[in-house]
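We have chain A; now place chain B onto it with these hints.
Number of protein chains: 2
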Amino acid sequence: MYRDRVRLPSLLEKVMSAEQAAALIEDGMTVGMSGFTRAGEAKAVPRALAERARQQPLKISLMTGASLGNDLDKQLTEAGVLARRMPFQVDSTLRKAINDGTVMFIDQHLSETVEQLRNHQLKLPDIAVIEAVAITEQGHIVPTTSVGNSASFAIFAKRVIVEINLAHNANLEGLHDIYIPTYRPTRTPIPLTRVEDRIGLGAIPIPAEKIAAIVISNQPDSPSTVLPPDSETQAIADHLIDFFKGEVATGRMSNNLGPLQAGIGSIANAVMCGLIESPFEGLTMYSEVLQDSTFDLFDAGKLSFASGSSITLSARRNAEVFGNLEKYKDRLVLRPQEISNHPEVVRRLGIIGINTALEFDLYGNVNSTHVGGTRMMNGIGGSGDFARNAHLAVFVTKSIAKGGAISSVVPMVSHVDHTEHDVDILVTEQGLADLRGLAPRERARAIIDNCVHPDFRGPLNDYFERACTRGGHTPHILREAMEWHINLEETGRMLAAV
Amino acid sequence: MYRDRVRLPSLLEKVMSAEQAAALIEDGMTVGMSGFTRAGEAKAVPRALAERARQQPLKISLMTGASLGNDLDKQLTEAGVLARRMPFQVDSTLRKAINDGTVMFIDQHLSETVEQLRNHQLKLPDIAVIEAVAITEQGHIVPTTSVGNSASFAIFAKRVIVEINLAHNANLEGLHDIYIPTYRPTRTPIPLTRVEDRIGLGAIPIPAEKIAAIVISNQPDSPSTVLPPDSETQAIADHLIDFFKGEVATGRMSNNLGPLQAGIGSIANAVMCGLIESPFEGLTMYSEVLQDSTFDLFDAGKLSFASGSSITLSARRNAEVFGNLEKYKDRLVLRPQEISNHPEVVRRLGIIGINTALEFDLYGNVNSTHVGGTRMMNGIGGSGDFARNAHLAVFVTKSIAKGGAISSVVPMVSHVDHTEHDVDILVTEQGLADLRGLAPRERARAIIDNCVHPDFRGPLNDYFERACTRGGHTPHILREAMEWHINLEETGRMLAAV
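Listed in order, the protein sequences are those of chains A and B. In our numbering, each residue's number is its place in the first sequence (first place is 1) plus 12. In our numbering, each residue's number is its place in the second sequence (first place is 1) plus 12.
Please keep in mind that the hints were generated in silico from the structure rather than gathered at the bench. Everything numeric in this text was worked out from a predicted model, so none of it was measured. A couple of the hints might just be wrong.
Heads up, the list lumps identical chains together, so a pair's fine if it works in one copy or across two of them.
Derived lysine to aspartate or glutamate pairs resembling EDC-like cross-links, with alpha carbons at most 16 Å apart [claimed, not checked]:
| # | residue 1 | residue 2 |
| --- | --- | --- |
| 1 | LYS135 | GLU259 |
| 2 | LYS86 | ASP446 |
| 3 | LYS71 | ASP467 |
| 4 | LYS71 | ASP254 |
| 5 | LYS135 | ASP446 |
| 6 | LYS410 | ASP250 |
| 7 | LYS71 | ASP242 |
| 8 | LYS135 | GLU289 |
| 9 | LYS410 | ASP138 |
| 10 | LYS414 | ASP467 |
| 11 | LYS86 | GLU63 |
| 12 | LYS341 | ASP308 |
| 13 | LYS257 | GLU293 |
Extracted from the complex, chain A is given alone in its bound form:
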């Protein structure tokens, strides 16, 4: 059943149960696991580890690519396994533990984790746990639906546990392009100049003797839960596509727009779906996660190539895509997240980065992570990797939340993840603000006039105008700057009178 998946015969003796493999993980260890946007995470070993920890307490520091699926972060949190966690997560149980201070969470730009490991600025993993579709004749590891940080974790770790997941189609092999930057001070340029370039290997090259255990599993990735477009996300998509049409009309962008990156979530998904009906042709993606919309765009004949670090699909799309992978395979590549998100490549290619904001302020500073300035939602993810170096840094959000109790546009954000220097375009269902080349007072005018919900436009304009009378390059009334957030915390609404 799995002998064709472990093609170096000497490794067959390393096949063992998940429980046996999990026993290699000791209290206090640093562990690097595969998994990115709930795709391609090791499944059996972390579950066995959580079960063991319920009997025999242990704590580890856990690094992944990004989020894990199959409730693994939940199980590990409930079993008390996680002392430290980085660089991203999306699990509500883990989120609670992060916010109550039980788990130390390091929220990182997704391109930076392995760079810091390479420089020994973070502790190297003792063990890597990597999901694979196969181990090659050379003992190299072929990842599944994500690459994430798996390659560098396997290279840096002393020992590697491989989970061969039979639920994944074996023909995923050939999809991956594993490129690892060389060491400083003799590092050379990343030789990627086009979205479709293949610059690395098809599998993760490690010495076969580092493989300490092979576990056979058979469990699919969790399906994605992206909501279909609603009238508001559709309006956001329409505003952005109208803007793109204008850029093409003035010659600032070509009719293929340039490589697109879209974050996770329903709004980014609506924007990508909107491109199906658009006049643009020959689109490309250079993104982190490839979602249903990527394949919808392929099927519509709009997309010519997609590069990512993972593929995360809905239950419906999953069987269609992976059951017919040959249809897409020559137009797809999965890369390490260090490369999918690398500032060098993002700047070179001129990416259009579309990411979701929790809230933004008058001047275009964006909060992507912290509810009420204090409580972590998921993490910054790759949004900063893209926004800083993008050709266009676009942030999208609905203008209000919680039935109008919350305005997503506020006088001052309660937490800053992206400074106004890194934000070009803001879009809500109300409209689009093009902030390029504007000074802060001009940015405020564009944002108030275009993005704010009518219920909050008057109060925000009032704040801005009173702030301007006090002067300053970026006018504020510090005594009132946090008031909407404080009101929300204390009364459940940002404005009493609305």
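Chain B only, in chain A's frame:
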């Protein structure tokens, strides 16, 4: 006198007075001028422009490399010439006009201005005004003490005014390396892999017929005004050098540390001076501005190569260095600021970026620009270009200001230029906080214990501990988060009781 400096004879007929050249600049134009950290700015034409505007009002949008010397921003502001200004400045008169809303100032990452011009996201300059030591036989422009954005301004502008400044030593020729990234979508990697690499041309290549005027000037750059180390800046330098020693001892850094970048100012200067007495050898710099300390390090035999975008020296050092330039010339190069600050190169080389903070907060967010959250000081400059992609992002400041009325470490910064994701090391005269791999609550502990002045340590610790009882990944008490800033605004002191 200047015929050996204008080596294409057909251009000699373009020689005219500054007043005649300034007349080419019309009301409403966008003008790109040379000048970076008060080095190499065009001097005669902007002065003539200011004089003319006093008689005959006109307004322009002015872009430079960074700051101008010789009070030019002051004169242009007083004459009412500046409608818009980007991407950096240091002049107190202009600062006032920016803060009262008279001049629209666009505060940009210094690597990004010409990228935005290249993509037509900013209006291209109608005219460029570039200081030069010479015009070559091909009509190419040899810059003086800075490259800044001059090359791209000259390439993008319809017409170019060249100021041949006889006050600069002609042997500056040969110091510059002009490399311009190719256009997307066929852009290739920047082929720079070592600090000392020369990858471009010695002069700015433009068609000679674009040169509309040549003005002969004879006025030196303004001298720098860096203060010598005092006991506090010396303590900051000592803490950082001790930290470097530790990194070398553990093998995380080699004995040449890696390429150094140091911002402008007395603290960064003290750190660089501190390296003279350090055990490190074979140092290199890959920075924006090369100051006195660069040449002190050369003379001490500590520095093997320095790459920058400008040279700004004190009156004392100016004659010594430029009078003996042959002594240093083979160990020096000046590049466009797009290349000196380019994220691709900064990440590849693994730069140690040392920049000055106005203030930072409990969690390591840094304010580099806005006094009291509203009033622009100078601009973000290159600090973000370096901090985001550096091997080590270091920010330095004295722990208190105004005789103890102000703490530079606050509960929440009043403005964010560098988020906690981008800040590795914080240093005050009190000590050094190493934030690498720490979660926010751990960062706060390291900062309070190491960086805060004793007068503010108790109150800050009290805030942090009370915030932690309320929970959150990044605990805050929003009602109090801005209180120290509000106190300062209203009473002149951050804490009443101190």
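Here is how each hint holds up against the structure:
For the homomeric pair LYS135 and GLU259, the shortest alpha-carbon distance between copies (14 Å) is at most 16 Å, but the shortest distance inside one copy (46 Å) is not. Taking the shortest alpha-carbon separations for LYS86 and ASP446, neither the intra-copy value of 40 Å nor the inter-copy value of 31 Å comes in at or below 16 Å. Taking the closest pair of Cα atoms, LYS71 and ASP467 never come within 16 Å of each other, the shortest separation being 49 Å inside a single copy and 38 Å across copies. In the homo-oligomer, the alpha carbons of LYS71 and ASP254 never lie at most 16 Å apart, since the shortest distance is 51 Å inside one protomer and 33 Å across protomers.
Taking CA atoms no more than 16 Å apart as the test, LYS135 paired with ASP446 passes between copies only; the shortest distance there is 14 Å, against 42 Å inside one copy. Only within a single protomer do LYS410 and ASP250 lie at most 16 Å apart by alpha-carbon distance; the minimum there is 13 Å, versus 50 Å between protomers. In this homomeric assembly, LYS71 and ASP242 never come within 16 Å of each other (Cα to Cα): the closest approach is 43 Å inside a single copy and 47 Å across copies. Taking the shortest alpha-carbon separations for LYS135 and GLU289, neither the intra-copy value of 48 Å nor the inter-copy value of 32 Å comes in at or below 16 Å.
For a Cα distance limit of 16 Å, the shortest separation of LYS410 from ASP138 qualifies neither inside one copy, at 43 Å, nor across copies, at 40 Å. Proximity of LYS414 and ASP467 under a CA criterion of 16 Å is satisfied intra-copy only: 14 Å inside one chain copy versus 43 Å between copies. Proximity of LYS86 and GLU63 under a CA criterion of 16 Å is satisfied intra-copy only: 12 Å inside one chain copy versus 70 Å between copies. Taking the shortest Cα distances, LYS341 and ASP308 sit within 16 Å of each other inside one copy (15 Å), while across copies they are farther apart (58 Å).
In this assembly of identical chains, the alpha carbons of LYS257 and GLU293 lie at most 16 Å apart only when taken from the same copy (12 Å versus 56 Å across copies).
Comparing the model with each earlier hint shows violations of hints 2, 3, 4, 7, 8, 9; every other hint is respected.
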